[in-house]
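A.B. asks: Residue numbers (my numbering), protein chains in the order written: chain R, 774 to 1040; chain U, 3 to 250.
A portion of the hints provided could be inaccurate.
These stretches of chain U come out as covered by chain R in the derived footprint (C-beta under 8 Å, 3 or more residues) [to be verified]:
no., region
1, 87-100
2, 193-205
3, 209-221
Think about it this way: if two alpha-carbon atoms lie no more than 20 Å apart in a straight line, the pair counts; the simulated SDA-like pairs of lysine to any residue are [stated by the list, open to error]:
no., chain 1, residue 1, chain 2, residue 2
4, U, LYS102, R, GLY1008
5, U, LYS180, R, GLU849
6, R, LYS937, R, ASP893
7, R, LYS974, U, GLY195
8, U, LYS180, R, ASP883
9, U, LYS180, R, HIS890
10, U, LYS102, R, GLY1009
11, U, LYS102, R, ASP883
12, R, LYS997, U, TYR208
13, U, LYS180, R, PHE843
14, R, LYS997, U, THR207
15, R, LYS997, U, ASN203
16, U, LYS180, R, ARG846
17, R, LYS974, U, LEU194
18, U, LYS180, R, ASP845
19, R, LYS904, R, SER851
20, R, LYS997, U, GLU183
21, R, LYS836, R, VAL907
22, U, LYS29, U, LEU228
23, U, LYS180, R, PRO847
24, U, LYS102, R, PHE866
25, R, LYS974, R, ILE1023
26, U, LYS102, R, ASN855
27, R, LYS896, R, GLU849
28, R, LYS795, R, ASP918
29, U, LYS180, R, ARG887
30, U, LYS48, U, PHE83
31, U, LYS50, U, ILE28
32, U, LYS102, U, PHE113
33, U, LYS180, R, GLU895
34, R, LYS960, U, THR207
35, U, LYS29, U, GLU45
Take a look, some chain R residues computed to stay more than 12 Å from chain U by CB distance [claimed, not checked]:
no., residue
36, ARG817
37, LYS896
38, ASP918
Treat the hints as calculated values from the structure; they're not laboratory data. Small disclaimer: the values here were computed from a predicted structure and weren't measured. We put the beta carbon where it would ideally sit given N, CA and C, even for glycine.
Take a look at the letters that make up each chain.
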Amino acid sequence: MSSIITSRIRQRQIYQMIASGKRLDGRGLTEYRPIKVEMGIIERAEGSARVLLGKTEVIAGVKVELGEPFPDRPSEGSFTVNSEFMPLASPEFEPGPPDENAIELARVVDRGIRESHAIDLEKLCLIPGKKVYVLFIDIYALNHDGNLIDASALAALAALMNTKLPVYVAEGGEIKKTSEYMPLPIKNYPVTVTFANIGDKMVVDPWLEEEEVMSARLTVAVDKDDKICALQKGGGGALTPQQILEAVQIAREKAKELRRLVVGNLG
Amino acid sequence: MSGKVKLINENGLRIDGRRPNELRPIKIEVGVLSNADGSAYIEQGKSKTLAAVYGPRELHPRHLALSDRAILRCRYHMATFSVEERKPPAPTRREIELSKVIREALEPAVFLEKFPRTSIDIFIEVLQADGGTRCIGTTAAALALADAGIPMRDLVAACAVGKVDGVLVLDLNDIEDKEGEADMPVAYMPSLGQISLLQMNGTLTYEEFNQALNLALEGCKQIYKLQKEALKAKYVAIKEEVETCLQS
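Just chain U, same shape as in the assembly:
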């Protein structure tokens, strides 16, 4: 599997020059789509992902409605041009699985019981994939939910850890994901101290797993901070806009 490409150089730096515990540069914007009730856009390295939330709204088909809470629905989708070789537009088995795990990552954060008989629909569109898209999608979707004004117990911040050339590294890019020995996406609700998404591909000893989990949580905490800044930035921008309007 590995060995073909050297993923860690003699200085201990990664293929894109990062240190093992370093995230890629992250740009987050909240409220980017006017039709959606909430939306967010994230660029993390070369990965670009958009998330939108519609709801709480009337649910179709009606028989799916629950009398004591809202249902959360999630569609994770990759654009045909987001990957090297065109991806057929129909949802793949991978996308169906990821839609499920992302939904389950967000469910514990949302006060669904506040909106009986409705649905809250999350749409995640991966525009360009360079590793970590399920995590970026989860992070963006949590922001879109918050942007839609849906009451939440906490934000959900997600980040992958992996093992490449025997070293545990944070926030894998595509090559590290494909050539590495392990990939473990984690979603975390930092204020609650709870993990809501955990998957792993590859092999890790228990010790490595323990370290990897801690590294992932550190990554999630950094992303959590950026999430909060991005949410605040939207309202600061609105405030400034209102103030300039009032002055003129």
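Next comes chain R alone, as it looks inside the complex:
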């Protein structure tokens, strides 16, 4: 993702370890780093969450506004996902509008949420064709140590599950905000599982140095019904059909683990 230079000798070490089924940080090939999910960390946001994935740290916030629905979806609320790689997160990140990596990340996270129908958008309509809830899901990378995609998707889901919608009442054609809140209606729990292809082995949850030496990346989003709801290959390399099929199988198992972290947190 960035161009932090990994020395040749380090590269070779990573390749050799992975070829023998091990990784430099002691993990197995399909093992995640320790994950910590905290919800409701920003009181001003309607929903928020922080995810620590090893040393990678990401924060997601949800802001809710009222707006007009899209003309082709008059009775549905809407949402957008944005992400920014803050300069404080890595020496490689610079201030400015989101670059292609940040845009790709936001769009992959968006796809997982949208295609799995995670948010019950039909319940976010106040006056059909006129007033609906509009959700802004903003993701900030705070510390980049690899695999920002999975951390971000998890943070976005956790923030949504934590989101409280202000209740509005219609009075004589006008809409008034009440002091009450209701939970955001959520129908699905998509999570992403990202792989790096290193020396023809697919490793789960690549950390920064592995991302530097990988040839290609594959992200698989899986919903609560074990269906695949988004895919994205990244990186300048290629994958065999066999590698992809195997990765998708592993992703289905790993997704359950990740989902438990967030859904379990709710109780």
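Since the structure of chain R is already known, use the hints to place chain U on it.
C.D. replies: The following block gives chain U in isolation, referenced to the frame of chain R:
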């Protein structure tokens, strides 16, 4: 989502009369722009896309140059009039993402290490969009690279599969893309047996995904054949031109 429009009729045919595993009619031309080092034009159904390659050439700004290989740059752009409602000319987030994934789809095919410190620039212009433009753009760009004489490991052929009305179908058009349940663009290097672009929107079970992937690869192989024919056709045309010149 679906249900409003019937996308598969009682005979199992699609909205434009195709069978589920059938590609749209494809017309490919190579070497269509005289200024570019390489170019290609593809019409696939109603989608019309142009690709041009400049390079290897000196890279500006210089500090982007890599000492051991060329950098590949790609711009996927849709013309304002290519879609129903005028698209503002500035690149959208979608176009920025697609530029990235198309570049990454082509990168593994190009011997970048042969041209250190240079850039190879790919420009894809969608003139009319009717679904599948990132795939058509990738297919055209691979041809433009080959037409520019840039050494490649393989051509890259791309094709989308999707699910409409519960049926897996090849090479989605715009309505199928918008109304269908899933859309999965795939780029493939058939001689290497490697996939260099894979995206998916929608929901598929693992079984469906497995079938969809195989269907996509079949589509890519058909397109690969057409790509090679189009490249050959350009040189046959040149040969004929030279021969008529010599005769007169």
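A.B. asks: Next, verify each hint and record whether it holds.
C.D. replies: Taking the hints in turn, this is what the structure says about them:
no.: 1; hint: 87-100; result: holds (count 4)
no.: 2; hint: 193-205; result: holds (count 12)
no.: 3; hint: 209-221; result: holds (count 5)
no.: 4; hint: U/LYS102 x R/GLY1008; result: holds, 9 Å
no.: 5; hint: U/LYS180 x R/GLU849; result: holds, 17 Å
no.: 6; hint: R/LYS937 x R/ASP893; result: holds, 14 Å
no.: 7; hint: R/LYS974 x U/GLY195; result: holds, 16 Å
no.: 8; hint: U/LYS180 x R/ASP883; result: holds, 17 Å
no.: 9; hint: U/LYS180 x R/HIS890; result: holds, 15 Å
no.: 10; hint: U/LYS102 x R/GLY1009; result: holds, 10 Å
no.: 11; hint: U/LYS102 x R/ASP883; result: holds, 17 Å
no.: 12; hint: R/LYS997 x U/TYR208; result: holds, 13 Å
no.: 13; hint: U/LYS180 x R/PHE843; result: holds, 15 Å
no.: 14; hint: R/LYS997 x U/THR207; result: holds, 12 Å
no.: 15; hint: R/LYS997 x U/ASN203; result: holds, 16 Å
no.: 16; hint: U/LYS180 x R/ARG846; result: holds, 13 Å
no.: 17; hint: R/LYS974 x U/LEU194; result: holds, 17 Å
no.: 18; hint: U/LYS180 x R/ASP845; result: holds, 12 Å
no.: 19; hint: R/LYS904 x R/SER851; result: holds, 11 Å
no.: 20; hint: R/LYS997 x U/GLU183; result: holds, 17 Å
no.: 21; hint: R/LYS836 x R/VAL907; result: holds, 8 Å
no.: 22; hint: U/LYS29 x U/LEU228; result: holds, 9 Å
no.: 23; hint: U/LYS180 x R/PRO847; result: holds, 17 Å
no.: 24; hint: U/LYS102 x R/PHE866; result: holds, 18 Å
no.: 25; hint: R/LYS974 x R/ILE1023; result: holds, 13 Å
no.: 26; hint: U/LYS102 x R/ASN855; result: holds, 17 Å
no.: 27; hint: R/LYS896 x R/GLU849; result: holds, 7 Å
no.: 28; hint: R/LYS795 x R/ASP918; result: holds, 19 Å
no.: 29; hint: U/LYS180 x R/ARG887; result: holds, 14 Å
no.: 30; hint: U/LYS48 x U/PHE83; result: holds, 14 Å
no.: 31; hint: U/LYS50 x U/ILE28; result: holds, 10 Å
no.: 32; hint: U/LYS102 x U/PHE113; result: holds, 18 Å
no.: 33; hint: U/LYS180 x R/GLU895; result: holds, 19 Å
no.: 34; hint: R/LYS960 x U/THR207; result: holds, 18 Å
no.: 35; hint: U/LYS29 x U/GLU45; result: holds, 5 Å
no.: 36; hint: ARG817; result: holds, 26 Å
no.: 37; hint: LYS896; result: holds, 17 Å
no.: 38; hint: ASP918; result: holds, 22 Å
Of the hints listed earlier, there is not a single one the structure fails to meet.
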